[in-house]
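Given chain A, work out where chain B should sit, using these hints.
Those protein sequence lines, which keep their order, are chains A and B. Once you know that position 66 of the first sequence is 66 in my numbering, the rest is easy, because the numbers rise by one and skip nothing. Numbers given in my numbering equal positions in the second sequence, counted from 1, plus 240.
For the record, the hints were derived by calculation from the structure and aren't laboratory data. Do not take every clue at face value.
Stated by the list, open to error - One-sided excerpt, in silico: chain B residues whose CB lies under 10 Å from chain A: (1) MET241; (2) ARG379; (3) LEU391; (4) PHE392; (5) ILE460; (6) ILE471.
Just so it is clear, CB atoms sit at the ideal spot from N, CA and C, and this is done for glycine as well.
Number of protein chains: 2
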Amino acid sequence: MNLALLFDDDFRSPGRAVLSGRRLAHLHSVLKAAEGDRIPVGQVNGRIGEGHILRLDDREAELAVTLDSPPPPPLPLTLILAMPRPKMFRRVLQTCASLGVKDIWLINAYKVEKSFWQTPWLTEEHLRENLTLGLEQARDTALPAVHVRKLFKPFVEDELPGLLAGKRGLVAHPGTATRCPAGLDEPAVLCIGPEGGFTPYEVTKLAEAGCEQVHLGSRILRVETAVPVLISRLYDSCNF
Amino acid sequence: MNLALLFDDDFRSPGRAVLSGRRLAHLHSVLKAAEGDRIPVGQVNGRIGEGHILRLDDREAELAVTLDSPPPPPLPLTLILAMPRPKMFRRVLQTCASLGVKDIWLINAYKVEKSFWQTPWLTEEHLRENLTLGLEQARDTALPAVHVRKLFKPFVEDELPGLLAGKRGLVAHPGTATRCPAGLDEPAVLCIGPEGGFTPYEVTKLAEAGCEQVHLGSRILRVETAVPVLISRLYDSCNF
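Just chain A, same shape as in the assembly:
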């Protein structure tokens, strides 16, 4: 069962929360919840626990909330993605949130279509909504940070070296000689290119900043498949 993620303004007092909107609709239509039921809840960026439904009607649900457990550990991974196609971007965000990625950078690349940056999925509200869906699926509470960088060169030259400090830097690029490492025991920064890949210039710039080029075999995967495949290869899911 998904978690209901509670935000600060849902709380009327410590231990008492009121839900409406999407989460109320979910209680009614998916969970078929009733007064007296207990459901998994979590406080954003806080602990997880249980919500006891005290009151439930068409307008709102009132929960007595006990938060007694930590959320699952975060992945020690910074993910840098050339901005994906909008529909896929929504799903990738949800996937990242459910897998425990807490730091996501969306960057430009030559093969990123300009129109991708116009997507409404990039508004603060929509970003939060999709990240929340992923967190609720996986029963996590720590909201990932999403950074938008529409200029490739300034990002790679001025910011990326700092992000890489003390971490293993990787750019997943088909055709390279080196296999992607497996089972890391250190934090990493992973760059994934657009459909059609990073250009040779872009790969060079990423390498200059400190990223090692690695491949995942001969099968070319869409970014929404590559992300879970790479994450599962880099880190043991059972630990996160």
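Chain B only, in chain A's frame:
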């Protein structure tokens, strides 16, 4: 660049194929192809190579085809999925095909909504279309087999033991004690439940047939995320 997958009836003669429909549209609108261009092609269940565009207009494209390389190796995995929600099912099929899964069984379970079985995505034509999209993405040619089993109990009692013979049988089920194994060097059969999971009865039947219950950590994943995460854990992507 995606492969264009050529079926037997595309060939006018050995080495000469004619494309129309979706693949012609792709040549025009995505690849912006022109006469003289060379594109990656593969023969279904055969080798991969190159198509040299001899003739290209609004109705068809004629290619001189040379097939000189084997496709990537198949995954030694049989995937048994409780029938997913239709929109997700399309994507899961494409993901399975792109990752190299060649044997897919769609089974019923208590929490599979009856309406899922009505989806048009289960027609032979649509199955082939989505598997083809996945193969073209990953540049593979071997078409996966898809088997539909709408009755859980007869499948698990009468067919599953035979599928498991000589293979490692696994059912991914949250909350179990045992971690999902990693880096197998043997063929496996992997069962994944519906949203909400297999029921205790279903897990017991799968165990009786010979499947070991394993978990993937505390994060509950949607099936379209669980499939690539599990496959990447079980087998080294770089070898397939």
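Evaluation of the provided hints:
{"no.": "1", "hint": "MET241", "in the structure": "holds, 7 Å"}
{"no.": "2", "hint": "ARG379", "in the structure": "holds, 6 Å"}
{"no.": "3", "hint": "LEU391", "in the structure": "violated, 26 Å"}
{"no.": "4", "hint": "PHE392", "in the structure": "violated, 22 Å"}
{"no.": "5", "hint": "ILE460", "in the structure": "holds, 6 Å"}
{"no.": "6", "hint": "ILE471", "in the structure": "holds, 7 Å"}
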